[in-house]
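Chemist: Here are the chains, one letter per residue:
There are 2 protein chains.
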Amino acid sequence: MRTNLSVDGDRLWRTIAASAEIGKGPKGGLRRLALGDDDKAVRDLFGNWARESGYGLKVDRLGNMFVRREGTDPALPPVLIGSHLDTQAAGGRFDGILGVLSGLEVLRTLDDLGIKTKRAIEVVNWTNEEGARFYPPMMSSLAFSGQATVEWANERTDRAGVRFGDELKRIGYAGPEPVGGRALDAYFELHIEQGPRLDAAGIRVGVVTGGFPTRGMRIEITGETAHVGPTAMARRQNALVAAAHVAVAIDEIGWRYAHAEGKTTAARLDLWPNLPGIISERATLFCDLRHPEAAGLAQMEAEIETALPDCARRGRCKVEIAERWGFSMMGFDPDLIGLIRQAAADVGEPTMDLCSEAGHDSYNVATVCPAAMIFTPCTGGISHNEAEDATLEATLPGVNVLLRAVIARANR
Amino acid sequence: MRTNLSVDGDRLWRTIAASAEIGKGPKGGLRRLALGDDDKAVRDLFGNWARESGYGLKVDRLGNMFVRREGTDPALPPVLIGSHLDTQAAGGRFDGILGVLSGLEVLRTLDDLGIKTKRAIEVVNWTNEEGARFYPPMMSSLAFSGQATVEWANERTDRAGVRFGDELKRIGYAGPEPVGGRALDAYFELHIEQGPRLDAAGIRVGVVTGGFPTRGMRIEITGETAHVGPTAMARRQNALVAAAHVAVAIDEIGWRYAHAEGKTTAARLDLWPNLPGIISERATLFCDLRHPEAAGLAQMEAEIETALPDCARRGRCKVEIAERWGFSMMGFDPDLIGLIRQAAADVGEPTMDLCSEAGHDSYNVATVCPAAMIFTPCTGGISHNEAEDATLEATLPGVNVLLRAVIARANR
Numbered sequence: 000m001r002t003n004l005s006v007d008g009d010r011l012w013r014t015i016a017a018s019a020e021i022g023k024g025p026k027g028g029l030r031r032l033a034l035g036d037d038d039k040a041v042r043d044l045f046g047n048w049a050r051e052s053g054y055g056l057k058v059d060r061l062g063n064m065f066v067r068r069e070g071t072d073p074a075l076p077p078v079l080i081g082s083h084l085d086t087q088a089a090g091g092r093f094d095g096i097l098g099v100l101s102g103l104e105v106l107r108t109l110d111d112l113g114i115k116t117k118r119a120i121e122v123v124n125w126t127n128e129e130g131a132r133f134y135p136p137m138m139s140s141l142a143f144s145g146q147a148t149v150e151w152a153n154e155r156t157d158r159a160g161v162r163f164g165d166e167l168k169r170i171g172y173a174g175p176e177p178v179g180g181r182a183l184d185a186y187f188e189l190h191i192e193q194g195p196r197l198d199a200a201g202i203r204v205g206v207v208t209g210g211f212p213t214r215g216m217r218i219e220i221t222g223e224t225a226h227v228g229p230t231a232m233a234r235r236q237n238a239l240v241a242a243a244h245v246a247v248a249i250d251e252i253g254w255r256y257a258h259a260e261g262k263t264t265a266a267r268l269d270l271w272p273n274l275p276g277i278i279s280e281r282a283t284l285f286c287d288l289r290h291p292e293a294a295g296l297a298q299m300e301a302e303i304e305t306a307l308p309d310c311a312r313r314g315r316c317k318v319e320i321a322e323r324w325g326f327s328m329m330g331f332d333p334d335l336i337g338l339i340r341q342a343a344a345d346v347g348e349p350t351m352d353l354c355s356e357a358g359h360d361s362y363n364v365a366t367v368c369p370a371a372m373i374f375t376p377c378t379g380g381i382s383h384n385e386a387e388d389a390t391l392e393a394t395l396p397g398v399n400v401l402l403r404a405v406i407a408r409a410n411r
Numbered sequence: 000m001r002t003n004l005s006v007d008g009d010r011l012w013r014t015i016a017a018s019a020e021i022g023k024g025p026k027g028g029l030r031r032l033a034l035g036d037d038d039k040a041v042r043d044l045f046g047n048w049a050r051e052s053g054y055g056l057k058v059d060r061l062g063n064m065f066v067r068r069e070g071t072d073p074a075l076p077p078v079l080i081g082s083h084l085d086t087q088a089a090g091g092r093f094d095g096i097l098g099v100l101s102g103l104e105v106l107r108t109l110d111d112l113g114i115k116t117k118r119a120i121e122v123v124n125w126t127n128e129e130g131a132r133f134y135p136p137m138m139s140s141l142a143f144s145g146q147a148t149v150e151w152a153n154e155r156t157d158r159a160g161v162r163f164g165d166e167l168k169r170i171g172y173a174g175p176e177p178v179g180g181r182a183l184d185a186y187f188e189l190h191i192e193q194g195p196r197l198d199a200a201g202i203r204v205g206v207v208t209g210g211f212p213t214r215g216m217r218i219e220i221t222g223e224t225a226h227v228g229p230t231a232m233a234r235r236q237n238a239l240v241a242a243a244h245v246a247v248a249i250d251e252i253g254w255r256y257a258h259a260e261g262k263t264t265a266a267r268l269d270l271w272p273n274l275p276g277i278i279s280e281r282a283t284l285f286c287d288l289r290h291p292e293a294a295g296l297a298q299m300e301a302e303i304e305t306a307l308p309d310c311a312r313r314g315r316c317k318v319e320i321a322e323r324w325g326f327s328m329m330g331f332d333p334d335l336i337g338l339i340r341q342a343a344a345d346v347g348e349p350t351m352d353l354c355s356e357a358g359h360d361s362y363n364v365a366t367v368c369p370a371a372m373i374f375t376p377c378t379g380g381i382s383h384n385e386a387e388d389a390t391l392e393a394t395l396p397g398v399n400v401l402l403r404a405v406i407a408r409a410n411r
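Each protein sequence line maps, in turn, to chains A and B. The first sequence begins at 0 in numbering that gives the first Met the number 0 and counts up one residue at a time. The second sequence begins at 0 in numbering that gives the first Met the number 0 and counts up one residue at a time.
Be a bit skeptical, because a hint or two may be false.
Since the list can't tell identical chains apart, any single copy or any two copies may satisfy a pair.
BS3-like, lysine-lysine: derived pairs with alpha carbons at most 30 Å apart [as the list claims (entries may be wrong)]:
| # | residue 1 | residue 2 |
| --- | --- | --- |
| 1 | K26 | K317 |
| 2 | K23 | K317 |
| 3 | K57 | K39 |
| 4 | K317 | K168 |
| 5 | K39 | K26 |
| 6 | K23 | K57 |
| 7 | K115 | K26 |
| 8 | K117 | K23 |
| 9 | K39 | K117 |
| 10 | K23 | K115 |
| 11 | K57 | K26 |
Hint data in this document are derived by calculation from the structure and do not stem from the laboratory.
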């Protein structure tokens, strides 16, 4: 492979800047919730870029967009690159977006350099990775990998009760293609680290070896409404207070595992009726546990189960774990990791091995084809925050590693 | 006064039943939020009843409705009876409603019996007593008593951002009359107790001597958004966790004063962005403190102030009391209380002295004219709950006491 092989960093940064104009947040980040008007606008822009370069564009029934540059042997399954263009409610300009637009930049670079690959290369924009509007996150790659149905996804609703399927149709992205069920050769996802290690170490390429085991829980708390005035303390069943006990207990468990990189989050709390003059009857608390080892995660989970009866007693409410989900310990494909290491070595770029602590669509795709990820630094490790930032200088080596690894795999 | 003087209990109960058809809740109670379509419907019904009986009806700029039966001396300030027809999000059929419709029943009984009074008697329906949609509660009597402006009230918004003034206009109840500023002779409010004492003791008439000192606080908590996955425990500032520490501390303080009838409520918690994948940056916690003695309330308040820095430290967020409101120790008018006691004695009904633990419009009205309240039993003390209930048998004596006290005052 040519030693001076490189993407056009300035062009990549211009596409990032063009994306950052759509759904601007008040503090310089993005608010581009899945299937909103701004999501439609960035999809249209991405589709136009694909058409301008003469690539194929297919949209499946969940709105996943596949931009395809043909290979010389159409019979072979393609190499897929991708991530997502939706953001958190107050998210950054790079989370997900960098992965999709780096994929596009890889295709454009191959055109510039007149490089043909044996396998086709496709770039995917997964619908609703963030889950900030329609729960859960990574919904469409879950369905793509056969772990959920299109019907289930279409029935998910946002807080206003709007159906996913209706919004997808409204913005014109309920495509005709079936969801998943086709052969893929490999999947590469480039993403900002969303943590501080690369940035702190001054290393620009993270080789992602796998994903942290993760457990989500929905905890339901049931009390009873009553007037805040005349209801004696001994007659109360305040779901807010019981939920507070649970949130404090969950946080304390996280601190006990922090030395081993474990962490717990009391992340979302919905209360009803949640008014100043009335004791709340219902609380729904979403919590999240992560630990680098499956055994550690199981211990944290067991500690939460042990803590809940005491929270119920102190809060005088019924407390139960209503739903659990998560990822087991997963490791990315050794062959793809090998290609990434080789590409970094070829460009003389030092790397750091990392285990992803955030969830990514690659976890789902890894269940149907070999998958791997490359991390690039984000300033101060800040993410899911409008202040999220990255520099071209710190990002470019990772994109070039992606380019080389993809070419190597696509010519296999 | 005639010893057999009595309202028509069956008619009163029919008006309660007619009201209970408007805005029915799923569990047999009412959901009739201020200025919604159901609030308009019950206002229309109340207005029609007034017109059918030939009473005057005036509506002020905040939608407060005044139904007037003239007296023989039009120059004298009227005696006012009233309460509210709006309800909590999941409220009962009696809270507030009984006070307004008992007032109407008093007027109708005077007609039935051909009784003329020297002073006019008016029945008021105060707008948005509950504060379940537009905060704060008792907003319109606050403005009526000159403690807030019409402009301030009109700018209050519900959670969807809808302005009070716009909704008032939409339902056709932004009336032409000025808010307050006119002479009143006295104000009587009959209300269910919203506590268990009368029901437990089998006593049907509560003489309300005053209101519990009450303190409300809005506590603002500021953390920082971050991704729940890669953000180490030591880098987090989770506003939900800090708010949970505050809620637990507030609840614990309530238990320490429960022996003296003190109580604290962590009542409403709003979080942002409140999503499963992201640490929340902002929390707003509304809390409520009540104690029968001003000194006890001040001690509870001081304990909360003392607890907050530790909650901030443990939750790693900024925590501050952003707003406080409340009622000092207040006592109702001795002359009106005397009339209520005399009326109960005249009908041979035992009474119990009570201090109101809930807030009522009468607290505001008491700042501009003599005011007093009568409590009637509610089953099991349950209120602000669809299961709230009352029987005619337990209610009728209180309404007859109201009738007699009002006649006595109106002939003064």
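Chemist: All hints are to be evaluated individually against the structure, with a verdict given for each.
Modeler: So, going through the hints one by one against the coordinates:
no., hint, in the structure
1, K26 / K317, "between (41 Å within a copy, 20 Å between copies)"
2, K23 / K317, "between (42 Å within a copy, 27 Å between copies)"
3, K57 / K39, "within (15 Å within a copy, 52 Å between copies)"
4, K317 / K168, "neither (40 Å within a copy, 43 Å between copies)"
5, K39 / K26, "within (22 Å within a copy, 41 Å between copies)"
6, K23 / K57, "within (27 Å within a copy, 49 Å between copies)"
7, K115 / K26, "neither (42 Å within a copy, 68 Å between copies)"
8, K117 / K23, "neither (40 Å within a copy, 67 Å between copies)"
9, K39 / K117, "neither (33 Å within a copy, 71 Å between copies)"
10, K23 / K115, "neither (37 Å within a copy, 69 Å between copies)"
11, K57 / K26, "neither (34 Å within a copy, 49 Å between copies)"
Of the numbered hints listed earlier, those contradicted by the structure are 4, 7, 8, 9, 10, 11.
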